[in-house]
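There are 2 protein chains.
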Amino acid sequence: MSFSPLIRQLIDALRGLPGVGPKTAQRMALNLLERDRDVARHLAQVLESAMDGVGYCQRCRTLSETDICNICSDPRRDDNVICILQSPADVWAVEQAGGFRGRYFVLKGHLSPIDGRGPDEIGIPALLDSLTGREVAEVILATNPTVEGEATAHYIANLLKPRGIKVSRIAHGVPLGGELEFIDGGTLAHALAGRTPIL
Amino acid sequence: MSFSPLIRQLIDALRGLPGVGPKTAQRMALNLLERDRDVARHLAQVLESAMDGVGYCQRCRTLSETDICNICSDPRRDDNVICILQSPADVWAVEQAGGFRGRYFVLKGHLSPIDGRGPDEIGIPALLDSLTGREVAEVILATNPTVEGEATAHYIANLLKPRGIKVSRIAHGVPLGGELEFIDGGTLAHALAGRTPIL
Ligand SMILES: [Zn+2]
Ligand SMILES: [Zn+2]
Numbered sequence: 001m002s003f004s005p006l007i008r009q010l011i012d013a014l015r016g017l018p019g020v021g022p023k024t025a026q027r028m029a030l031n032l033l034e035r036d037r038d039v040a041r042h043l044a045q046v047l048e049s050a051m052d053g054v055g056y057c058q059r060c061r062t063l064s065e066t067d068i069c070n071i072c073s074d075p076r077r078d079d080n081v082i083c084i085l086q087s088p089a090d091v092w093a094v095e096q097a098g099g100f101r102g103r104y105f106v107l108k109g110h111l112s113p114i115d116g117r118g119p120d121e122i123g124i125p126a127l128l129d130s131l132t133g134r135e136v137a138e139v140i141l142a143t144n145p146t147v148e149g150e151a152t153a154h155y156i157a158n159l160l161k162p163r164g165i166k167v168s169r170i171a172h173g174v175p176l177g178g179e180l181e182f183i184d185g186g187t188l189a190h191a192l193a194g195r196t197p198i199l
Numbered sequence: 200m201s202f203s204p205l206i207r208q209l210i211d212a213l214r215g216l217p218g219v220g221p222k223t224a225q226r227m228a229l230n231l232l233e234r235d236r237d238v239a240r241h242l243a244q245v246l247e248s249a250m251d252g253v254g255y256c257q258r259c260r261t262l263s264e265t266d267i268c269n270i271c272s273d274p275r276r277d278d279n280v281i282c283i284l285q286s287p288a289d290v291w292a293v294e295q296a297g298g299f300r301g302r303y304f305v306l307k308g309h310l311s312p313i314d315g316r317g318p319d320e321i322g323i324p325a326l327l328d329s330l331t332g333r334e335v336a337e338v339i340l341a342t343n344p345t346v347e348g349e350a351t352a353h354y355i356a357n358l359l360k361p362r363g364i365k366v367s368r369i370a371h372g373v374p375l376g377g378e379l380e381f382i383d384g385g386t387l388a389h390a391l392a393g394r395t396p397i398l
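Here the protein sequences line up with chains Z and L, keeping their order. Each step along the first sequence adds one to the number in the numbering used here, with nothing skipped, and position 132 is 132. Take the position in the second sequence, starting the count at 1, then add 199; the result is the number in the numbering used here.
Treat the hints as calculated values from the structure; they're not laboratory data. Misleading hints may appear alongside valid ones.
[Claimed, not checked] Lysine to any residue pairs mimicking SDA-like chemistry, simulated, CA-CA at most 20 Å apart:
id: 1; chain 1: L; residue 1: Lys-307; chain 2: L; residue 2: Glu-334
id: 2; chain 1: L; residue 1: Lys-360; chain 2: L; residue 2: Glu-334
id: 3; chain 1: Z; residue 1: Lys-108; chain 2: Z; residue 2: Val-147
id: 4; chain 1: L; residue 1: Lys-222; chain 2: Z; residue 2: Thr-24
id: 5; chain 1: Z; residue 1: Lys-23; chain 2: L; residue 2: Gln-295
id: 6; chain 1: Z; residue 1: Lys-23; chain 2: L; residue 2: Gly-385
id: 7; chain 1: Z; residue 1: Lys-108; chain 2: Z; residue 2: Tyr-155
id: 8; chain 1: L; residue 1: Lys-360; chain 2: L; residue 2: Gly-322
id: 9; chain 1: Z; residue 1: Lys-108; chain 2: L; residue 2: Asp-235
id: 10; chain 1: L; residue 1: Lys-365; chain 2: L; residue 2: Gly-385
id: 11; chain 1: Z; residue 1: Lys-161; chain 2: Z; residue 2: Glu-179
id: 12; chain 1: Z; residue 1: Lys-23; chain 2: L; residue 2: Gly-322
id: 13; chain 1: Z; residue 1: Lys-108; chain 2: L; residue 2: Gly-322
id: 14; chain 1: Z; residue 1: Lys-23; chain 2: L; residue 2: Pro-204
id: 15; chain 1: Z; residue 1: Lys-23; chain 2: L; residue 2: Ile-382
id: 16; chain 1: L; residue 1: Lys-222; chain 2: Z; residue 2: Glu-121
id: 17; chain 1: Z; residue 1: Lys-166; chain 2: Z; residue 2: Glu-179
id: 18; chain 1: Z; residue 1: Lys-108; chain 2: Z; residue 2: Ala-157
id: 19; chain 1: L; residue 1: Lys-307; chain 2: Z; residue 2: Arg-37
id: 20; chain 1: L; residue 1: Lys-222; chain 2: Z; residue 2: Lys-161
id: 21; chain 1: L; residue 1: Lys-307; chain 2: Z; residue 2: Glu-34
id: 22; chain 1: L; residue 1: Lys-307; chain 2: Z; residue 2: Asp-38
id: 23; chain 1: Z; residue 1: Lys-23; chain 2: L; residue 2: Thr-223
id: 24; chain 1: Z; residue 1: Lys-23; chain 2: L; residue 2: Glu-334
[To be verified] Derived contacts from chain L toward chain Z, CB cut-off under 7 Å, selection only:
id: 25; residue: Leu-229
id: 26; residue: Ser-311
id: 27; residue: Pro-312
id: 28; residue: Ile-313
Note that the structure is predicted; figures quoted are calculated from it, not measured. Heads up, the beta-carbon is just placed ideally off N, CA and C, and yes, glycines get one too.
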């Protein structure tokens, strides 16, 4: 099998995309070269500009191309409720589920001492900073319903309780062991509505 | 749901890839932004250089970044046998199957009068040109085993017979109605070996 170097490189680069195996990458490369060169050039441009232009919201830490994301800058959202999540994908999932009108704070994953990911690594100090001097009626801990997500929720709950903030955990309507971003909107909306106090 | 414009554009551009639906595109976009920015930038560069640098072999018309592809320029290949295929993907498939050591000629698909794709559109004149003044013992017609592929093979056979060239069709070991590029290497090698004279 003798692909020319550029075609080989293209196939290899496409395999870098999540979920793309060798056969799929080969098929994508060929389709782009044979039929969709404009699509490929457009994708190249958009990849560049997205990687350059998309950073993180200074307030909630979700992916954003503006310093303050469009959720944080929306005056119609409720400042009194903050939903804490593990990743920007979870913000998208909760927004897609609908029903939540408060603000967000996005951690960098969950606590994982084995991997050297402690409170500093996942952004707990930034979370505490963001809550300081702010009137907050309730913090909803919506980390994943996994062992690590639960541990992270409890860790945060223990930090916030002494501050007199009402802390709740999303209801265990979410299937145990699952990951938030893959849960259907109905279940997720239900779990948010049925949240229970924690500690 | 409120993706920022650049993220929206990235998701839409990724959907341009063959076989990528909205959920997959969203997941890819997020993964690239959150974890794989270098992968994304590299992919962008490679897409650009492949679209600019990969053209078609002047001799066999397969995808190539050189004027003459590495199969056509390989002196160890047998000039006496030419395998005619519908697409560069089919060249890759036959090469991967192994066992064929001749040359190729790649058509632009199959005849399709309904779509206005006649002999000129699929490159029949270029095929005839390439055969003119050339010593060829045999032409193997390896168009797809579909109705259109069969019709295209017969059309070409009728043109070549008067020139006194031995024309064969790959054996119908290939499943009828299938597309060559998806057939496993063993079947394909077998079908090539068991080719039968046509007309
Ligand atoms: Zn924000
Ligand atoms: Zn060639």
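For each hint, the structure was consulted:
1. Lys-307(L) x Glu-334(L): 24 Å, violated
2. Lys-360(L) x Glu-334(L): 15 Å, holds
3. Lys-108(Z) x Val-147(Z): Holds, at roughly 16 Å.
4. Lys-222(L) x Thr-24(Z): Satisfied, since the Cα-Cα distance of roughly 17 Å is no more than 20 Å.
5. Lys-23(Z) x Gln-295(L): 12 Å, holds
6. Lys-23(Z) x Gly-385(L): With a Cα-Cα distance of about 17 Å, the restraint between Lys-23(Z) and Gly-385(L) holds, given a limit of 20 Å.
7. Lys-108(Z) x Tyr-155(Z): 15 Å, holds
8. Lys-360(L) x Gly-322(L): Status holds; Cα separation ~18 Å.
9. Lys-108(Z) x Asp-235(L): 15 Å, holds
10. Lys-365(L) x Gly-385(L): Roughly 25 Å between the alpha carbons, so the hint for Lys-365(L) and Gly-385(L) is violated.
11. Lys-161(Z) x Glu-179(Z): Cα-Cα ~26 Å, so violated.
12. Lys-23(Z) x Gly-322(L): Not OK: Lys-23(Z) and Gly-322(L) at ~28 Å, beyond 20 Å, violated.
13. Lys-108(Z) x Gly-322(L): 55 Å, violated
14. Lys-23(Z) x Pro-204(L): Between Lys-23(Z) and Pro-204(L) the Cα gap is close to 32 Å, so the pair fails against 20 Å, i.e. violated.
15. Lys-23(Z) x Ile-382(L): OK: Lys-23(Z) and Ile-382(L) at ~12 Å, within 20 Å.
16. Lys-222(L) x Glu-121(Z): 29 Å, violated
17. Lys-166(Z) x Glu-179(Z): 25 Å, violated
18. Lys-108(Z) x Ala-157(Z): 17 Å, holds
19. Lys-307(L) x Arg-37(Z): Distance of about 16 Å is within 20 Å: holds.
20. Lys-222(L) x Lys-161(Z): 38 Å, violated
21. Lys-307(L) x Glu-34(Z): Answer holds: Lys-307(L) to Glu-34(Z) is near 10 Å, not above 20 Å.
22. Lys-307(L) x Asp-38(Z): 19 Å, holds
23. Lys-23(Z) x Thr-223(L): 17 Å, holds
24. Lys-23(Z) x Glu-334(L): It is violated: about 37 Å lies between the C-alpha atoms, which goes past 20 Å.
25. Leu-229: Because about 5 Å separates Leu-229(L) from the closest Cβ in chain Z, which is inside the 7 Å limit, the hint holds.
26. Ser-311: Violated. Min distance 15 Å.
27. Pro-312: Status violated, d = 21 Å.
28. Ile-313: With a minimum Cβ separation of about 19 Å from chain Z (threshold 7 Å), the hint on Ile-313(L) is violated.
The structure does not agree with the numbered hints 1, 10, 11, 12, 13, 14, 16, 17, 20, 24, 26, 27, 28 stated previously, though it agrees with the rest.
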